[in-house]
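Colleague: Letter by letter, the chains look like this.
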Amino acid sequence: MVMTRRDFIKKTAALSAASFVGLNLPFAKHVDQAGATDADKWVRGSCRLCGLGCRVELGLKGGKPVAIRGVAKSRTNFGYLCMKGMLFYKVMEHPDRLKMPLYRESKKDAFREISWDEALDIAAKKFADAKKEFGGDSTAYYGSGQALTEETYLFQKVMRGGLQTNNVEGNPRLCMASAVGGYLTSFGADEPIGGYSNIEKSSCIFIIGSNMAEAHPVFFRRVMRRKMDNKDTVKVINADPRVSPTSRIADMHMQFRPGTDLAMLNAMAYVIIEEKLFDKKFISDYAVFKSGKNTVDMDTYFAELGDYTPEKAAVICGGNITGDMIRKAARWFAKSNGTVSCWCMGINQRKRGVWANNLINNLHILTGQLCKPGADSFSLTGQPNACGGVREGGGLCHILPGHRLVKKEKLRNQVESAWGIPAGRIPPKPGYHTMAMFKAVNEGKIKAIWINCTSPAQSLPNVDLYRKGMAREDVFMVCTDIFPTLTTELANLILPTAFHFEKTGVYGCTERRSQITPKCCDAPGEAHAEVWIVREWAKRLARELNDPVIEQCVAPFDGLEEGYDLPKAIWDEYTQKLTKGRDSDLTGATYGVLEQMHDGVQWPAATEEYALTGGTVIKFAREYDPMAESHAKDDKPFQFYGPAHPDKKLWIWSRPYKGADEEPDAEYPFYLSTGRIIDHWHTTSMTGRIPELLRANPYSFVEVNPRDAERMGIKPGDMVELESRRGRVEMPAKVVEGPIEGMVFAYWHDMHEDRMINKVVKDAFDPGSKEPEFKICAVKVRRLSGPKRLTPYVV
Amino acid sequence: MPIGGFVISVDPDIREEIVTMLSEMEGVEVHGSDAKGNIVAVIDTETSEVMDDLVHGLQKDPQILSVGLTYLNAEDEIEKIVSGELRPEIPFGRKKKNRP
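Same order as they appear, the protein sequences are chains A and B.
Quick note on my numbering: the first sequence kicks off at 1 and runs consecutively.
Quick note on my numbering: the second sequence kicks off at 1001 and runs consecutively.
Just to be clear, a hint being listed does not mean it is correct.
Computed footprint of chain A on chain B; a stretch qualifies when at least three of its residues, placed anywhere within it, have a C-beta under 8 Å from a C-beta of chain A [what the hints assert, rightly or not]: (1) 1017-1025; (2) 1066-1073.
Cβ-to-Cβ under 10 Å is the rule here; a few derived chain B residues that face chain A [unchecked claim]: (3) Gly1005; (4) Val1007; (5) Ser1033; (6) Gly1037; (7) Ile1039; (8) Val1042; (9) Ile1043; (10) Asp1044; (11) Ser1048; (12) Lys1060; (13) Pro1062; (14) Asp1076.
In short, the hints are calculated from the structure, not lab data.
Glycine included, every Cβ here is placed at the ideal spot set by N, Cα and C.
Using the sequences and the hints, build the whole thing.
Modeller: Following this line, the structure appears as structure tokens:
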């Protein structure tokens, strides 16, 4: 029987899906024999639309992408993808792509197309003028967890080594800085100890502050599969003020007033100690208790938990929380053969985000649910390279590449030496963190800012306040991006960049895994890879400032072809010179190794031979981590060698419950929380241009609890006003048993002025991590009208 | 005319019921299922808009726990986009005031 091309493709699709669940389909042999091809070439890379690092293969025909399939042998996703990832090819071919540099002297003018020579000259002159007149700290770089590691690394190198400023920040400050703070203060080292594979060995999965079914659907599939395959033996707890699609698989949904989870987590610790569910030997061997600046004993710690007996905590938490529920959750957590906690922005985007992270980590240290298969305290990351590029590559104002603190002279000198620039060139003072940076823009202290691959004019909290600064005529703003955004609308210079698979580079995903995506298509028009843009800009900057040190920052990369050789040389410098011997050692993860891997390499991985095994699955455990062996200070199986704890111990923190920065009151009686919807990515500059995704959710809406809706006379689809002390929006209501009574939940992707929820959100931030409290503020809610026809909007 | 391969996961107790439901949907072919509640399906639609609507509808169904994509071929549609025959519909106008 002759098989048509479409029959062949359909059978290929069926076989692909069947192979993942071990089903044999009768036509497998016929498809093999048909000899038809659905693509000329398959190129392996990573999806870029969340932090999981799902591996995909892009199928090319005649040089154009025509098909996508998951990589079945990848340990990140075992071949599964989600709908966002499936449709990204439409971004590549989209007619709105930026193709030429655009410039305007005044922000009141229209943009005009200019040549790259002119564009780079202008960028160099403006930054040089700012440095000459106002000093290096009048310049700034604001990057992204979606930029490749090579890009972040090179930008920060030129800013620190060249312009002599640590004003290097990125949007990961808005999403996972509190997890960094939590890991450093609890475990002495950033990033999770384990990885995704713990899910398949766990017996209790504690999900808190994460709607993973929508934000990380492929990871949720693993959690779901673990539960469904072990219905009686695996417990899933979902703790969240909002019932979400993630709750579908939970044995228990703990619903509490926003922000009161600090009390709930303390109460779980209380139960663990009161009922002697803790791991005495683990604590004795590896942990100490901390209260403020003091080291205390367990009795003191337990006494400080006295305000959080389950019964007292239940009163604080409200919702459906009872003392018995807290006791049950603590018992499941402590007694299971392996407990994995998973959290995301619900924990991190908080005034007390670091403390909330500490309190989750406490539960794991107390119970010894760490460093063994099936147990981990696991922060999920929102962006594909927040970990790899920004946390590891030096993309925040206080850290240099390789987890080095700016404030430590010895560590600065190591970096200067690696770069071949004079000692003392990197300033000792950390730069502005994100909120301080945009405050400085508002105040005119920053005269030239480069914004790469992100849109702070939409993504900052209390955004109207900071848009005023970005709109200032005396602030020169460059944006590198693939599409117009609300931020490019405020720029002087827009530089068009290559997209994913149009350039080569590495992303480091949530589980410490670095994975390469190679260039296989050309970027449209005259768009360039960012690494080329930075190099060419820096060369001009050196001439403008007559500064050979700036030239030296990019000299090792001069003349290299931008598609592959240039990023490879940058990666080599970063990994070989700056991660060697650090806890994030990627010396073995060369391009050669990464290209061989179906997935990638989990650091530390000091040799190519070891990296080819996939690297370190569980940090600090001598059985799994060679660095634990080489850093061993005794014969114990776990060695917590992280750089932040001189005593090499895990720290159990006494942290009191403190509410949100802005709690509801008589005038603003509702909690507002915000989050992501499955179809859209951040500010919708990409997914809003994919009609299928836009049509599925063309505008933001607000979820209102049915009892609140009844009291206020709000019916499904009615237009509702949300007003805070900072701003107001109006959007349609969805009346649903989602948010707890007294709370509304709005999606944040919509860039329409009437519906941009970040105008309402408060810009309070965590005193340690400086991460803003996107998740909680106070609003008043008012019905405006019945349903109204709305127009979707993308800039 | 995109073609996608999917693993749709449901509670094993209702697998047969969902297989029947899916089999009756236009554009959906069910190729098999297993005792764990995994259903292997191919979705073949006229446009990716239709496919997305269909998948989105499945994701919203409280009985369906996960819709996992494993393969997508959109060659026909991409050829049309590249040739100019099909232009992705943008149901709104871009602001022109600042552009050349």
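Colleague: Against the structure shown, which of the earlier numbered hints fail to hold, in ascending order?
Modeller: 1
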